[in-house]
Amino acid sequence: MRSLVAVTILLALACNKQDDAEKLQKSIASWKATLEIVADARLKNEVRNGFALKTIDEAVEDLEGQSSKTTNRHAEELIGIAAKLRQAIERDDKSAIANVRGELAR
Amino acid sequence: MKKVLQVALGIVTGIGGFLEVGSIATAAEAGASFKYALLWSIALGTICLIFLVEMTGRLAAISKHAVADAVRERLGFPFAVIPRVAEIIVNVMVIGAEIGGVSLALKFVTGIEVRVWAIPVTLLIWLAIWAGTLDFIEDATSILGLVSIGFVVAAVKMHPDTHSMLRGLIPSAPRHDAAHYWYIAVGILGATISPYMFHFYGSGAIEDKWGEDSLGANKVTAALGMSFGAVMSVAVLVCAALVLAPRGIEIARYEQAALILIPALGRWGLPLFAGTLGVCCFGAAMEVSLATAYMVAQTLGWNWGENKKPDKEARFSMTYVIMLLLGGSLLLTGIDPLKLTMYAMALTAVILPLIVLPFVVLLNDQTYVHEHTNGPIGNTVVIVTIVLASIVAIVTIPLEIMGGG
Numbered sequence: 000m001r002s003l004v005a006v007t008i009l010l011a012l013a014c015n016k017q018d019d020a021e022k023l024q025k026s027i028a029s030w031k032a033t034l035e036i037v038a039d040a041r042l043k044n045e046v047r048n049g050f051a052l053k054t055i056d057e058a059v060e061d062l063e064g065q066s067s068k069t070t071n072r073h074a075e076e077l078i079g080i081a082a083k084l085r086q087a088i089e090r091d092d093k094s095a096i097a098n099v100r101g102e103l104a105r
Numbered sequence: 000m001k002k003v004l005q006v007a008l009g010i011v012t013g014i015g016g017f018l019e020v021g022s023i024a025t026a027a028e029a030g031a032s033f034k035y036a037l038l039w040s041i042a043l044g045t046i047c048l049i050f051l052v053e054m055t056g057r058l059a060a061i062s063k064h065a066v067a068d069a070v071r072e073r074l075g076f077p078f079a080v081i082p083r084v085a086e087i088i089v090n091v092m093v094i095g096a097e098i099g100g101v102s103l104a105l106k107f108v109t110g111i112e113v114r115v116w117a118i119p120v121t122l123l124i125w126l127a128i129w130a131g132t133l134d135f136i137e138d139a140t141s142i143l144g145l146v147s148i149g150f151v152v153a154a155v156k157m158h159p160d161t162h163s164m165l166r167g168l169i170p171s172a173p174r175h176d177a178a179h180y181w182y183i184a185v186g187i188l189g190a191t192i193s194p195y196m197f198h199f200y201g202s203g204a205i206e207d208k209w210g211e212d213s214l215g216a217n218k219v220t221a222a223l224g225m226s227f228g229a230v231m232s233v234a235v236l237v238c239a240a241l242v243l244a245p246r247g248i249e250i251a252r253y254e255q256a257a258l259i260l261i262p263a264l265g266r267w268g269l270p271l272f273a274g275t276l277g278v279c280c281f282g283a284a285m286e287v288s289l290a291t292a293y294m295v296a297q298t299l300g301w302n303w304g305e306n307k308k309p310d311k312e313a314r315f316s317m318t319y320v321i322m323l324l325l326g327g328s329l330l331l332t333g334i335d336p337l338k339l340t341m342y343a344m345a346l347t348a349v350i351l352p353l354i355v356l357p358f359v360v361l362l363n364d365q366t367y368v369h370e371h372t373n374g375p376i377g378n379t380v381v382i383v384t385i386v387l388a389s390i391v392a393i394v395t396i397p398l399e400i401m402g403g404g
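Sequence lines, in order, name chains A and B.
Using numbering that gives the first Met the number 0, the first residue of the first sequence is number 0, and each one after it goes up by one.
Using numbering that gives the first Met the number 0, the first residue of the second sequence is number 0, and each one after it goes up by one.
Since the hints were made in silico from the structure, they are not lab data.
It should be emphasised that the depicted structure is a prediction, and the values quoted were computed from it without experimental measurement.
Treat the hints loosely; a few may be bogus.
[Said to hold, decoys possible] Subject to a maximum C-alpha distance of 20 Å in a straight line, what follows is the list of computed DMTMM-like cross-link-like pairs (lysine to aspartate or glutamate):
| no. | chain 1 | residue 1 | chain 2 | residue 2 |
| --- | --- | --- | --- | --- |
| 1 | A | K25 | B | D134 |
| 2 | B | K338 | A | E63 |
| 3 | B | K338 | A | D19 |
| 4 | A | K22 | B | E370 |
| 5 | B | K308 | B | D134 |
| 6 | A | K22 | B | D134 |
| 7 | B | K338 | A | D61 |
| 8 | B | K338 | A | E60 |
| 9 | A | K53 | B | E249 |
| 10 | A | K25 | B | E249 |
[As the list claims (entries may be wrong)] Some, not all, of what chain A presents toward chain B, calculated at C-beta under 7 Å:
| no. | residue |
| --- | --- |
| 11 | A32 |
| 12 | T33 |
| 13 | E45 |
| 14 | V46 |
| 15 | G49 |
| 16 | F50 |
| 17 | G64 |
| 18 | S67 |
| 19 | H73 |
| 20 | A74 |
| 21 | E75 |
Cβ atoms here follow ideal geometry from the backbone N, Cα and C, with glycine treated the same way.
Model the full assembly from the supplied sequences, consistent with the hints where possible.
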């Protein structure tokens with residue numbers, strides 16, 4: 000009986016682990032696309048700097064929160080690109096924004 | 000002429016007052032995650048709402064009773080208290096979500112955090128209710144709320160596929176994320192069939208002294224106003240389906256939802272989204288607070304009325320002040336406004352049978368509505384929809400919470 004319970008708990012934990020990883024994968028794709036729209040909109044002056052920076056912060060916060068449960072190289076890469084985009088927007092450097100936009104598309 | 004104006008104002012109220020934080024968040028999430036597949040839930044919720052709003056107006060016009068008042072009189076105080084307590088709890092969450100909506104709109108424009116805006120926004124809403132009359136609240140909300148037509152303009156500009164949209168009107172099983180699909184579906188139903196609307200509409204009808212001659216205008220207002228209003232929700236869903244879904248964006252934060260107008264409207268997209276969110280949530284926060292005050296006063300047998308001076312109706316006025324304070328305080332805890340909105344809408348669906356079933360009993364009782372009792376179609380649509388929505392909500396809320404919301 001005990002072993003059955005242990006197996007069930009392990010299976011549940013494994014499923015949960017898989018769920019977390021799957022969720023993180025979806026989040027990475029979702030935030031990557033969000034940052035692309037934000038970068039495009041900033042290049043065309045369609046959103047203010049403040050809004051763009053807040054959105055980047057939300058992306059980083061969400062990704063960091065999820066990566067704490069399960070490590071992921073892609074999440075770390077995206078967080079790095081987000082930091083670069085943040086700096087480019089803060090400097091209002093359009094060519095740097097365009098470069099980061101290219102990096103996001105790769 | 001007076002009737003035509005009444006109907007026109009009702010329709011404008013329907014359009015301008017329909018959108019609020021719940022309908023924007025649930026429709027945007029639905030479009031982003033499932034494209035047009037959840038359009039049926041907006042349509043079903045709207046049909047149910049049309050029947051319920053019409054019933055509320057009919058009850059008020061014939062019996063001169065608002066919903067809470069009549070439920071207490073017909074079914075007794077101990078029975079009436081249960082749905083009202085459930086409503087108060089949910090309404091605190093809804094008011095918190097609406098104040099959060101206004102604060103988010105201000106955050107999009109100024110960059111200042113939601114928590115900082117929570118107190119000034121709460122005070123401003125209180126001031127508008129305290130100093131304003133019912134007509135002011137209704138008219139200001141409706142007319143300013145017309146800014147939401149921007150969503151329709153954006154949706155049309157992006158040329159949505161009408162065949163796919165029509166397919167979305169037929170309920171279907173999801174191909175992925177079944178729990179999330181049903182959770183959003185009940186969220187949409189909860190956001191569309193908002194119980195506060197019955198208290199607000201019915202009490203407003205009594206304050207405006209509706210009589211039997213208002214029944215025609217009531218029918219037209221309910222049908223056209225709510226239908227036009229639903230078009231706004233559909234437009235939000237369509238914009239999200241066209242902008243977010245193809246890019247694989249799932250809404251985890253409101254900032255992502257705020258992007259849906261930019262491809263169609265360019266630099267006007269974000270201010271228009273913020274304006275619509277701010278104005279509609281401000282109006283809804285006033286209406287939910289007032290509706291709760293109406294409901295509490297009618298259940299406890301107090302004097303009530305927004306058209307009277309606050310010091311003449313101290314307990315009524317104190318109720319909406321307390322509701323606003325409780326709702327505003329929720330945001331100070333740092334709760335995620337998007338999650339608060341989604342939980343509030345899903346919980347609304349859970350409690351719908353508690354609120355609507357006793358009220359449907361009244362609409363079949365000739366003592367109250369004389370020969371104007373409900374027909375079988377109205378009874379069936381309303382009862383089946385709300386009971387199903389409640390069951391699905393009870394099943395999906397724990398699944399959504401376990402899945403991390």
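Going through the hints against the structure:
The hinted pair formed by A:K25 and B:D134 fails the criterion: a straight-line CA distance of about 47 Å is larger than 20 Å. For the hint pairing B:K338 with A:E63, the CA-to-CA distance comes to about 18 Å; that is within 20 Å, so the pair holds. For the given pair, B:K338 sits about 18 Å from A:D19 by alpha-carbon distance, which is consistent with the 20 Å threshold. A distance of roughly 56 Å separates the Cα atoms of A:K22 and B:E370; the hinted pair therefore is violated under the 20 Å criterion.
For the hint pairing B:K308 with B:D134, the CA-to-CA distance comes to about 14 Å; that is within 20 Å, so the pair holds. For a cut-off of 20 Å, the pair hint linking A:K22 to B:D134 is broken: about 48 Å separates their Cα positions. Of the supplied pair hints, the one linking B:K338 and A:D61 holds, its CA atoms being roughly 14 Å apart against a limit of 20 Å. Annotation: proposed proximity of B:K338 to A:E60 holds, straight-line Cα distance about 16 Å (limit 20 Å).
Between A:K53 and B:E249 the CA atoms are separated by roughly 18 Å; this keeps the pair inside 20 Å, and the hint holds. Restraint check for A:K25 and B:E249: satisfied, since their Cα atoms lie roughly 8 Å apart, inside the 20 Å limit. Because the beta carbon of A:A32 sits about 4 Å from the nearest beta carbon in chain B, less than 7 Å, this interface hint is met. Among the interface hints, the one on A:T33 holds; its C-beta lies about 5 Å from the nearest C-beta in chain B, closer than the 7 Å criterion.
Of the supplied interface hints, the one on A:E45 holds, with its beta-carbon coming within about 5 Å of a beta-carbon of chain B, less than 7 Å. At about 5 Å, the closest approach between the beta carbon of A:V46 and any beta carbon in chain B falls short of 7 Å, and the interface hint on this residue holds. Annotation: A:G49 was flagged as interfacial toward chain B, and the flag holds, the nearest CB pair being 3 Å apart, inside 7 Å. Using the Cβ-Cβ criterion of 7 Å, the hint placing A:F50 at the interface with chain B is satisfied: the shortest such distance is roughly 6 Å.
The interface hint given for A:G64 is broken, as the beta carbon of that residue sits about 10 Å from the closest beta carbon of chain B, more than 7 Å. Residue-level restraint check for A:S67 is violated (minimum Cβ-Cβ distance to chain B is 13 Å; threshold 7 Å). Interface hint status for A:H73: violated, as the beta-carbon distance to the closest one in chain B is roughly 14 Å, over 7 Å. Taken as an interface hint, A:A74 does not check out: its beta carbon lies about 14 Å from the nearest beta carbon of chain B, beyond 7 Å.
For A:E75, the interface hint is violated, the least distance from its beta-carbon to any beta-carbon of chain B being 18 Å, above 7 Å.
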